[in-house]
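Q: For reference, the chains in residue letters:
Protein chains: 2
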Amino acid sequence: MARTTGSHSDITGPRIRDVAMRLFAQHGYAAVSMRQIASDVGVQAGALYNYTPDKQSLLFGLMQGHMEDLLAARAARDVPEDSLAQLEDFTRFHIAFHMERADAVFVSYMELRSLSDENFATIETLRRRYEDELEQILRQGVCTGVFSVPDTKIATLALIAMLTGVNTWYRTGGRLSVEEVETIYWDMVRKAVAP
Amino acid sequence: MARTTGSHSDITGPRIRDVAMRLFAQHGYAAVSMRQIASDVGVQAGALYNYTPDKQSLLFGLMQGHMEDLLAARAARDVPEDSLAQLEDFTRFHIAFHMERADAVFVSYMELRSLSDENFATIETLRRRYEDELEQILRQGVCTGVFSVPDTKIATLALIAMLTGVNTWYRTGGRLSVEEVETIYWDMVRKAVAP
Numbered sequence: 000m001a002r003t004t005g006s007h008s009d010i011t012g013p014r015i016r017d018v019a020m021r022l023f024a025q026h027g028y029a030a031v032s033m034r035q036i037a038s039d040v041g042v043q044a045g046a047l048y049n050y051t052p053d054k055q056s057l058l059f060g061l062m063q064g065h066m067e068d069l070l071a072a073r074a075a076r077d078v079p080e081d082s083l084a085q086l087e088d089f090t091r092f093h094i095a096f097h098m099e100r101a102d103a104v105f106v107s108y109m110e111l112r113s114l115s116d117e118n119f120a121t122i123e124t125l126r127r128r129y130e131d132e133l134e135q136i137l138r139q140g141v142c143t144g145v146f147s148v149p150d151t152k153i154a155t156l157a158l159i160a161m162l163t164g165v166n167t168w169y170r171t172g173g174r175l176s177v178e179e180v181e182t183i184y185w186d187m188v189r190k191a192v193a194p
Numbered sequence: 000m001a002r003t004t005g006s007h008s009d010i011t012g013p014r015i016r017d018v019a020m021r022l023f024a025q026h027g028y029a030a031v032s033m034r035q036i037a038s039d040v041g042v043q044a045g046a047l048y049n050y051t052p053d054k055q056s057l058l059f060g061l062m063q064g065h066m067e068d069l070l071a072a073r074a075a076r077d078v079p080e081d082s083l084a085q086l087e088d089f090t091r092f093h094i095a096f097h098m099e100r101a102d103a104v105f106v107s108y109m110e111l112r113s114l115s116d117e118n119f120a121t122i123e124t125l126r127r128r129y130e131d132e133l134e135q136i137l138r139q140g141v142c143t144g145v146f147s148v149p150d151t152k153i154a155t156l157a158l159i160a161m162l163t164g165v166n167t168w169y170r171t172g173g174r175l176s177v178e179e180v181e182t183i184y185w186d187m188v189r190k191a192v193a194p
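Protein chains in written order, with numbering that gives the first Met the number 0: chain A, 0 to 194; chain B, 0 to 194.
Okay, chain A solo, but in the shape it has when bound (with noise of 0.2 Å):
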């Protein structure tokens, strides 16, 4: 009965979360049961209780996790100091980071819907934050007359969409690299908010 049970969630963990959002990724949140998670895992469907209290903690683990990686990747970051050279690293930035996380943000979108509405108002909270990092940028650019645009806010929501847009069609090994991705997409994120 004594076993190591730190070292066994350790590897656990991570096992569960990789398997869970790939199958929430192919079959949505709602289609996939925790039996189905345990069976892929490799472990009984009552162990995964020792490591989750239940699917809905399971999910909004995973989407906070997802938002937390990305928010502690942005402050890990050199900001630049004028706007146009923060503008680039966060268009570059974004870009690289989504594009190595498909799944994850997959479910983040679809899923926002499966979320209790205590949860959801935390992964919204997180969201802004991201969110507002970029308006900030935007915004300070707009005072110095660097950028032009008719509504921080929707600016922000419009070039974030873009940017994501690039997890719809991009695939490795394909004809051009993550970065001449970044360098087109910046091209038009520059024009895009030009005075």
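Hints may contain errors.
[Claimed, not checked] Derived DSSO-like pairs: lysine-lysine, alpha-carbon spacing no greater than 27 Å straight-line:
#, chain 1, residue 1, chain 2, residue 2
1, B, Lys152, B, Lys190
2, A, Lys190, B, Lys152
3, A, Lys190, B, Lys54
4, B, Lys190, A, Lys54
5, A, Lys152, B, Lys190
6, A, Lys152, A, Lys190
Simulated from the structure, these hints should not be mistaken for lab results.
Quick caveat: nothing in here was measured; it's all calculated off a predicted structure.
Got chain A sorted already, so can you dock chain B onto it with the hints?
A: Same frame as chain A, but now just chain B:
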């Protein structure tokens, strides 16, 4: 036994489509049963099979119908002569058309994963036909020096993602009318592809 099946299915068909679209958008295709659709429509599950052979055909019909409506609505428009006016017309059309069909847009994006290979190929062909209309506008404008983009195909996908993104934040009765939203996005689109 004799009944006017024509008028019966005239009424039931649209109701089945409306209910199925709403349920697929709310819960995801895999989580919704034919029984649940029938129950929400208010008919026996068996009656559904008079209308559609199976759930896959129902989903495909919804997605195909959405794309055909889109292409028909585009084709019905008077296209302006010059490239800039064409791009403005496309921008305003795309936003207005998609805003009115939030469930169809959501299901069409999210449930591509749920289509059979053959049905996926058909939807992709329709989607490409729509994208080609925008790419053609961009390509012609690039030729005449009205526009400048690094890659017309990627610019097409980037602009469509940006415009469809309106659906994630716009709420009817909010601070902006549809026309005001169109104008804000047109400002960004116009500049994004400017020389």
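Q: Evaluate each hint against the coordinates.
A: Hints and how they fare:
A C-alpha spacing of about 17 Å is found between Lys152/B and Lys190/B, which places the hinted pair at or below 27 Å, so the restraint holds. Of the pairs offered as hints, the one joining Lys190/A and Lys152/B holds, with about 18 Å between alpha carbons and a cut-off of 27 Å not exceeded. This hinted pair does not check out: Lys190/A and Lys54/B have alpha carbons roughly 45 Å apart, beyond 27 Å. Restraint check for Lys190/B and Lys54/A: not satisfied, since their Cα atoms lie roughly 45 Å apart, outside the 27 Å limit.
In summary, the hint linking Lys152/A to Lys190/B is supported, as the alpha carbons are separated by about 18 Å, within the 27 Å threshold. Between the alpha carbons of Lys152/A and Lys190/A the distance comes to roughly 17 Å, so the proposed pair stays at or under 27 Å and holds.
Violated hints, in rising order: 3, 4; the structure is consistent with all others.
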